[in-house]
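Kindly produce the complete structure, drawing on both the sequences and the hints.
Here the protein sequences come in this chain order: U and B.
Numbering-wise (my numbering), the first sequence opens with residue 214 and increments by one.
Numbering-wise (my numbering), the second sequence opens with residue 214 and increments by one.
Calculated from the structure, these hints are not laboratory results.
A portion of the hints provided could be inaccurate.
These stretches of chain B come out as covered by chain U in the derived footprint (C-beta under 8 Å, 3 or more residues) [said to hold, decoys possible]:
| hint | stretch |
| --- | --- |
| 1 | 364–373 |
| 2 | 409–418 |
| 3 | 651–663 |
No experiment lies behind these values; they were computed from the predicted model shown.
Beta carbons are placed, not taken as given, at the ideal position from N, Cα and C, and that holds for glycine.
There are 2 protein chains.
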Amino acid sequence: MSYLPIQQLLKTAPIGTDVTVKGWVRTKRESKNAVFIALNDGSTINNIQIVAEAGQLPEETLKLITTGACLAATGQLVESQGAGQAVELKIAHVQIYGPADPDKYPLQPKRHSLEFLREIAHLRPRTNTFSAILRIRHALAFAVHKYFNDNGFYYLNTPIITASDAEGAGEMFRVTTLDATRPPLTEDGQVDYSQDFFGRETNLTVSGQLEGELGALALGKIYTFGPTFRAENSNTTRHLAEFWMIEPEMAFYELEDNMNLAEDFVKTVIRYALQHCADDLAFLENRLKEEEKTKKKEEQSEMSLLEKLQFVISNEFVRLTYTEAIDILVNSKPARKGQFQYEVSWGVDLQSEHERYLVEKHFKKPVILTNYPREIKAFYMKQDEDGKTVRAMDVLFPGIGEIIGGSQREDDLDKLTARMQEVGIDPETIWWYLDTRRFGSAPHAGFGLGFERLVLFVTGMGNIRDVIPFPRAPKQAEF
Amino acid sequence: MSYLPIQQLLKTAPIGTDVTVKGWVRTKRESKNAVFIALNDGSTINNIQIVAEAGQLPEETLKLITTGACLAATGQLVESQGAGQAVELKIAHVQIYGPADPDKYPLQPKRHSLEFLREIAHLRPRTNTFSAILRIRHALAFAVHKYFNDNGFYYLNTPIITASDAEGAGEMFRVTTLDATRPPLTEDGQVDYSQDFFGRETNLTVSGQLEGELGALALGKIYTFGPTFRAENSNTTRHLAEFWMIEPEMAFYELEDNMNLAEDFVKTVIRYALQHCADDLAFLENRLKEEEKTKKKEEQSEMSLLEKLQFVISNEFVRLTYTEAIDILVNSKPARKGQFQYEVSWGVDLQSEHERYLVEKHFKKPVILTNYPREIKAFYMKQDEDGKTVRAMDVLFPGIGEIIGGSQREDDLDKLTARMQEVGIDPETIWWYLDTRRFGSAPHAGFGLGFERLVLFVTGMGNIRDVIPFPRAPKQAEF
Numbered sequence: 214m215s216y217l218p219i220q221q222l223l224k225t226a227p228i229g230t231d232v233t234v235k236g237w238v239r240t241k242r243e244s245k246n247a248v249f250i251a252l253n254d255g256s257t258i259n260n261i262q263i264v265a266e267a268g269q270l271p272e273e274t275l276k277l278i279t280t281g282a283c284l285a286a287t288g289q290l291v292e293s294q295g296a297g298q299a300v301e302l303k304i305a306h307v308q309i310y311g312p313a314d315p316d317k318y319p320l321q322p323k324r325h326s327l328e329f330l331r332e333i334a335h336l337r338p339r340t341n342t343f344s345a346i347l348r349i350r351h352a353l354a355f356a357v358h359k360y361f362n363d364n365g366f367y368y369l370n371t372p373i374i375t376a377s378d379a380e381g382a383g384e385m386f387r388v389t390t391l392d393a394t395r396p397p398l399t400e401d402g403q404v405d406y407s408q409d410f411f412g413r414e415t416n417l418t419v420s421g422q423l424e425g426e427l428g429a430l431a432l433g434k435i436y437t438f439g440p441t442f443r444a445e446n447s448n449t450t451r452h453l454a455e456f457w458m459i460e461p462e463m464a465f466y467e468l469e470d471n472m473n474l475a476e477d478f479v480k481t482v483i484r485y486a487l488q489h490c491a492d493d494l495a496f497l498e499n500r501l502k503e504e505e506k507t508k509k510k511e512e513q514s515e516m517s518l519l520e521k522l523q524f525v526i527s528n529e530f531v532r533l534t535y536t537e538a539i540d541i542l543v544n545s546k547p548a549r550k551g552q553f554q555y556e557v558s559w560g561v562d563l564q565s566e567h568e569r570y571l572v573e574k575h576f577k578k579p580v581i582l583t584n585y586p587r588e589i590k591a592f593y594m595k596q597d598e599d600g601k602t603v604r605a606m607d608v609l610f611p612g613i614g615e616i617i618g619g620s621q622r623e624d625d626l627d628k629l630t631a632r633m634q635e636v637g638i639d640p641e642t643i644w645w646y647l648d649t650r651r652f653g654s655a656p657h658a659g660f661g662l663g664f665e666r667l668v669l670f671v672t673g674m675g676n677i678r679d680v681i682p683f684p685r686a687p688k689q690a691e692f
Numbered sequence: 214m215s216y217l218p219i220q221q222l223l224k225t226a227p228i229g230t231d232v233t234v235k236g237w238v239r240t241k242r243e244s245k246n247a248v249f250i251a252l253n254d255g256s257t258i259n260n261i262q263i264v265a266e267a268g269q270l271p272e273e274t275l276k277l278i279t280t281g282a283c284l285a286a287t288g289q290l291v292e293s294q295g296a297g298q299a300v301e302l303k304i305a306h307v308q309i310y311g312p313a314d315p316d317k318y319p320l321q322p323k324r325h326s327l328e329f330l331r332e333i334a335h336l337r338p339r340t341n342t343f344s345a346i347l348r349i350r351h352a353l354a355f356a357v358h359k360y361f362n363d364n365g366f367y368y369l370n371t372p373i374i375t376a377s378d379a380e381g382a383g384e385m386f387r388v389t390t391l392d393a394t395r396p397p398l399t400e401d402g403q404v405d406y407s408q409d410f411f412g413r414e415t416n417l418t419v420s421g422q423l424e425g426e427l428g429a430l431a432l433g434k435i436y437t438f439g440p441t442f443r444a445e446n447s448n449t450t451r452h453l454a455e456f457w458m459i460e461p462e463m464a465f466y467e468l469e470d471n472m473n474l475a476e477d478f479v480k481t482v483i484r485y486a487l488q489h490c491a492d493d494l495a496f497l498e499n500r501l502k503e504e505e506k507t508k509k510k511e512e513q514s515e516m517s518l519l520e521k522l523q524f525v526i527s528n529e530f531v532r533l534t535y536t537e538a539i540d541i542l543v544n545s546k547p548a549r550k551g552q553f554q555y556e557v558s559w560g561v562d563l564q565s566e567h568e569r570y571l572v573e574k575h576f577k578k579p580v581i582l583t584n585y586p587r588e589i590k591a592f593y594m595k596q597d598e599d600g601k602t603v604r605a606m607d608v609l610f611p612g613i614g615e616i617i618g619g620s621q622r623e624d625d626l627d628k629l630t631a632r633m634q635e636v637g638i639d640p641e642t643i644w645w646y647l648d649t650r651r652f653g654s655a656p657h658a659g660f661g662l663g664f665e666r667l668v669l670f671v672t673g674m675g676n677i678r679d680v681i682p683f684p685r686a687p688k689q690a691e692f
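What follows is the structure, given as C-alpha cells:
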C-alpha cells in the first residue's frame, strides 16, 4: 500500500479514510486503555499520533516499539480525542522495519546537549532541532536558486580544485596524489609538482569570485553556490574548514546596483523561509527562548528569533560610508567611555562590536557600509577617485555583524595590475583574470555570502557547526 | 540610465521608445549608408542589431567598435528594415567601456575549434556555443532543484572532505596541510597523519551517497547536488577529475519506486530544458547537424538533437532484468555475427555497445536494467533472495549508455556486514553508516546521476570537458 508523508497527511487530513504512515517512533506512552505512539518521518517537525487499544498489539511487537524504531502503521484517520493534535491514526496493522535497542540507541527522549549531538552527527538529523535546521537550510538554498533564476542570473560552477593562489583570502588545503612519504623532488630538493596529478601544485578553492567574474563578463549575470575551504587552525563557533558560499557577479552593475541587489536578495530569501518554514521556525523560536532564560538578564537578546527576522525584512537598510561610520563610532558613548574592546579610528578594520553598535544601538536597522580604506580591502576592488578608498560594501546584521561582503570590481587594467604589484601578487599568475580587463572590460560588481552565516542567522543557532550536516574543523572529519 | 538585458528587450520589444543596451560586439558591418553592430550581453543567444548612419559616429569611436569590445548604446527601438531580426536600435549615443584589440583578442568572428576554445576556457563563454551550453546547464541545474523541492525532498550538503574510503568508487585525491617536502613521520616511517589538519588522512569525496543515506533515514527524502572527484589518470571524452553529482536517497522506497522516480525525474528536467531553452537548443541542434554532415554516412546519428530529447520524454522506459537483457544480447545479430567488441554472457559487466544495442536497436526506447549480478555491483546494494543478484538499476539512454545508476540499499545489518567482509571492507571504518541499520533501519533506495553526463546528453556535445565551465583533468587545472 502506498503511503503519505506525514506533512501531507496532516495538511490534507482525509478523516475517515484508511492510510498508511511510515516513520520513526519518537515516544510511546501507555495508559490503561490504549497505547499512544508519536511517529515522525522527517518531512515535518510535527508527529502523527498513532493509537492502539490496550491488548491490540502482540506483546513482542509492543516491546519493539521504542524510541528510534522504524515502522509502518495502517489504519483509519480519525479526529483526535486528546489535546495537542487534530487527527490521529487508529491502528489496524503495524509492521516493524527496524528496532532500536533502548539500551544502545543514543537518542532517547530527553534533552541532549548540542555538544553531545555534534559527536553523533550521523544521527542528530533525527532530532527535532536538527531536522528543523536542515529543513530550513534546504528552504534557504532553494530560495537562493529561485531568486537568481527569477532574476536572470545563470548558475556557474566555478572550480573546486584550483592552481590559483592569488586571492589571498586565507590558508589553503593542498590537493595531491603524490606519494605522501617520499614525494618526487626536483634537483634543488623541492617537491616536483610537475609529477602531480595536475602537473602543478593545486589547492581547494577559497572563493569562486575570480572565475565568477569571467562568467559575468560573458553571460552578464551569474552566481556561484558551492563549497569553499579555509585551512585556518581556528576552533571557534564562527569558522568552518569547509563551508558553502554564494557569490553573484554582475556585468554593468556599479556599487549602488550591488547594494540594491544584496538588500533585495537577502530580504527575499528570509521572507521565503518565513513563508515556507513556519512550523520549524516556531519550534526554534521557542527553543531559543528557553535557552535565553538560562542567561543573565543583560546577556539576553532584545528580540526573539522571529522578531529579528521581521526586523531585517521590514526595515530599509541604512547606507553610509565607512568614513561616516567611523565618525559615529568615535563620538559614540562606548568609545568615549572606553567600553569598546578594540579602539576605533579611520583606517582600522571594524570589529564585530563596532558593527553591532551601528546596527543594534545607533541605527536600529540593518546597515550597509561602503567605501572602505583600500589598505584593508582586497586588490580587486574598484579604487575611488580620492586614492584612499575603494568601492567596497559590507552588509551588517544584528547579532552577527557582517553577513555580506562585496564591491564594485576594478575594471581598469592598469590600476588593477598596479594594485596587484603593490600588494605583491604577480599578475602573470592570473593572466586569464586580467584578460577580462584587456578585452571588452566593463563596469561590474559582486558580493559573497557565507551560506552557513545565513542559516545561523535564520535559525538563531549559536554555533556554525550546528547548521551544516557534517562540520569540518581542525581535528574533525568524522562521517 | 537603466538598461534592459537583451533577452527581455527582444521579448517585450517596446517599439518607438528610447532604450539603453549594454553588451559585447559580436560583429560590425559597414555599408555605404550605415554601420550595423551585432551586440550580445550573454542573457540570450540572440544579438540585438544596432544601426548608426554613416558618418554619425566619430572615426575614433568607430575604430574601437570591434569584435569583443564592450559598449553601451542608447537610442530608439524601431522595426528592422533588414531581414534576420524584428527590431533594431537606432543609435543616438554610444559609450565604449572596454575595447578589444583585434590583433590580440583571440575570439574573432570565425569558426574556432573546440580544442582551441578549451585552451581559452576563460573566454569561451563569450561564444555562441559555450554561452548556449552554460545557459542550458543553468536551466538543468535549476530544474533539478525545482523537481526535488516540488516533490518533498530536502537538499543535503554532504561533506567534500572525507576520511572515509569505503565506497571504493575510484582513486582519490588526498587533502592535506602537512609539509609537502618533509612530512612528519611515525616511528615506522609512515606519514604521521595525526599531525595533519584533521588529525587523520583525508580525501576528496567520490560520492555523497553514504552520508545521503544518513539524511534519508532521518528526513525521509533527501538529495545531494555537489562536486565529486576521481583521481583516475584517464584522458577521455567521458571523464573529469572534478564533476557534479546528483544523488537522491529515499526512505521507504523499494526498487520499483526508485525506477519510477528516476524516470519521472529525468523526463521532467529534460522537458524543463525544452520549455526554457528553445533558442539555445535550436542553435545547438543546427550546430550538431553541421557537424554530422562532416561524418561518414554510417556514422551519422539517426536522430537530431531535439528528436533524441523528444524520444526520451515521450517513451515509457522499458524495464527488464539484467538476466533478460543478457538473453536478448546473446541471441542478437551482432553477437551471432561476432560484431560486438566485448563478448557478452551472464556475469559480465555490460559495455556501452551492449547498452546502446538494447536502447537504439532492440527496444528503440530508453531502458532500465535491474537485478544485476552481485559480483559486479557495490556492497551496499540490497541482495536478492536468489543469492546471486542485487536490486540494482541502471537507466540507459541512446548515444550515451548508462546515465543513472542506483539501487535499493541493503537494510539488513547482518547481510550488509557479511558482504562488506566478503569484499574486504572493515565495517569499523564506517561504523556510523552501519548505525543506520542498527537503529531504526528501513527499506530505502537511491540513485546517482553525473550532472555533466546529463548536460552532455541535452546539449548534444561530444566531449565532457565542453559542458563544465573549467574542466579538471590530468595535467589540466588552469583558470
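Against the structure, the hints:
Residue count for the stretch 364–373 of chain B with a Cβ under 8 Å from a Cβ of chain U: 8. That meets the three needed, and the coverage hint holds. Coverage of the stretch 409–418 of chain B by chain U holds [criterion: at least 3 residues with CB-CB distance below 8 Å; count 6]. For a cut-off of 8 Å, the count of residues in the stretch 651–663 of chain B with a CB near a CB of chain U stands at 6, and the three-residue condition holds.
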